[in-house]
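Engineer: Chain by chain, the residues run as shown.
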Amino acid sequence: EAQVTQNPRYLITVTGKKLTVTCSQNMNHEYMSWYRQDPGLGLRQIYYSMNVEVTDKGDVPEGYKVSRKEKRNFPLILESPSPNQTSLYFCATRKGRYNEQFFGPGTRLTVL
Amino acid sequence: GIQVEQSPPDLILQEGANSTLRCNFSDSVNNLQWFHQNPWGQLINLFYIPSGTKQNGRLSATTVATERYSLLYISSSQTTDSGVYFCAVGFMNRDDKIIFGKGTRLHILP
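Listed in order, the protein sequences are those of chains A and B. Every letter in the first sequence is one number past the one before it in the numbering used here, and letter 64, counting from 1, is 52. Every letter in the second sequence is one number past the one before it in the numbering used here, and letter 45, counting from 1, is 84.
Here chain A stands alone, though its shape is the one from the complex (with noise of 0.2 angstroms):
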């Protein structure tokens, strides 16, 4: 079954302590992206990567880092995460830059 998956699904942590979250598609896509979805805001594209070891910035990357080692895993890293990125996290999949994105369940993230 194609999917998307992400870990964890929610999260609550301390300002300051370093996370990641995992995000894994078997639908052997080329692009990959992190989304943030905030009130009133909508969906707002934070890094994305166009092959391994192919990344750019999105609208929203400050306070993140990205990695894309393997084509199928593409981790969203917070070094020292902070309130303001308390949100829900959406990672996408698409087959290249003309086609569908897929989206998975999301990681619901609490910083304290």
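There may be inaccurate statements among the hints.
Below are the DSS-like pairs computed for lysine-lysine, each with C-alpha atoms no more than 25 angstroms apart in a straight line [claimed, not checked]:
#, chain 1, residue 1, chain 2, residue 2
1, A, K5, B, K136
2, B, K141, B, K93
3, A, K5, A, K57
4, A, K45, A, K83
5, A, K83, A, K59
6, B, K136, A, K57
7, A, K57, A, K45
8, A, K83, A, K5
9, A, K83, A, K53
10, A, K83, A, K57
11, A, K59, A, K6
12, A, K6, A, K45
13, B, K93, A, K45
14, A, K59, A, K45
15, B, K136, A, K59
16, A, K6, A, K53
17, A, K45, A, K5
18, A, K53, B, K136
19, A, K6, A, K57
20, B, K93, A, K83
21, A, K45, B, K136
Simulated from the structure, these hints should not be mistaken for lab results.
Once you've looked at the hints, dock chain B against the given chain A.
Structural biologist: Then chain B, alone, in the frame of chain A:
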């Protein structure tokens, strides 16, 4: 600058009614999708439609790229249609970013 605007922001309808949701965009596009976010937060693909018209059951969508808008039609609404509808756009001659509109919140009353 680059913009994606959705209207109306909120819509309340009785079950069985029809609705039209609009997405305006500020430049030429090479990627456009409509999504439904259900009350549990899941994002469900509705249409990939950078141009033309598509239909899937009670839902249909039209994108008029030359006039920079897309429409999502929902006919004979059901309570399960409630949620937020987003359009997401990739622009030509720009990087590979995808920009989401702020969504239309639809509430269908039984």
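Engineer: Are the hints correct? Go through all of them and say.
Structural biologist: Checked hints:
For a cut-off of 25 angstroms, the pair hint linking K5 of chain A to K136 of chain B is broken: about 29 angstroms separates their Cα positions. Between the alpha carbons of K141 of chain B and K93 of chain B the distance comes to roughly 23 angstroms, so the proposed pair stays at or under 25 angstroms and holds. Note on K5 of chain A and K57 of chain A: the hinted pairing holds, with a Cα-Cα distance of about 23 angstroms set against a maximum of 25 angstroms. In summary, the hint linking K45 of chain A to K83 of chain A is supported, as the alpha carbons are separated by about 19 angstroms, within the 25 angstroms threshold.
Straight-line distance between C-alpha atoms of K83 of chain A and K59 of chain A comes to about 11 angstroms, which keeps the hinted pair within the 25 angstroms bound. The straight-line distance between the Cα atoms of K136 of chain B and K57 of chain A is roughly 21 angstroms, inside the 25 angstroms bound, and the hint therefore holds. Proximity of K57 of chain A to K45 of chain A is assessed by CA-CA distance (about 17 angstroms); at most 25 angstroms being required, the pair is judged to hold. With a C-alpha separation of about 34 angstroms, the suggested pair K83 of chain A and K5 of chain A falls outside the 25 angstroms cut-off, and the hint is violated.
Between K83 of chain A and K53 of chain A the CA atoms are separated by roughly 22 angstroms; this keeps the pair inside 25 angstroms, and the hint holds. Between K83 of chain A and K57 of chain A the alpha-carbon distance is near 17 angstroms, which keeps this suggested pair within the 25 angstroms criterion. A C-alpha spacing of about 24 angstroms is found between K59 of chain A and K6 of chain A, which places the hinted pair at or below 25 angstroms, so the restraint holds. For a cut-off of 25 angstroms, the pair hint linking K6 of chain A to K45 of chain A stands: about 20 angstroms separates their Cα positions.
Straight-line distance between C-alpha atoms of K93 of chain B and K45 of chain A comes to about 32 angstroms, which puts the hinted pair past the 25 angstroms bound. The straight-line distance between the Cα atoms of K59 of chain A and K45 of chain A is roughly 18 angstroms, inside the 25 angstroms bound, and the hint therefore holds. Of the supplied pair hints, the one linking K136 of chain B and K59 of chain A holds, its CA atoms being roughly 19 angstroms apart against a limit of 25 angstroms. Between the alpha carbons of K6 of chain A and K53 of chain A the distance comes to roughly 11 angstroms, so the proposed pair stays at or under 25 angstroms and holds.
A distance of roughly 23 angstroms separates the Cα atoms of K45 of chain A and K5 of chain A; the hinted pair therefore holds under the 25 angstroms criterion. With a CA separation close to 17 angstroms, the supplied pair K53 of chain A and K136 of chain B stays within the 25 angstroms bound. Of the pairs offered as hints, the one joining K6 of chain A and K57 of chain A holds, with about 20 angstroms between alpha carbons and a cut-off of 25 angstroms not exceeded. The straight-line distance between the Cα atoms of K93 of chain B and K83 of chain A is roughly 21 angstroms, inside the 25 angstroms bound, and the hint therefore holds.
Proposed proximity of K45 of chain A and K136 of chain B is supported: the alpha carbons are some 9 angstroms apart, at most 25 angstroms.
Hint check: violations occur at hints 1, 8 and 13; the rest are consistent with the structure.
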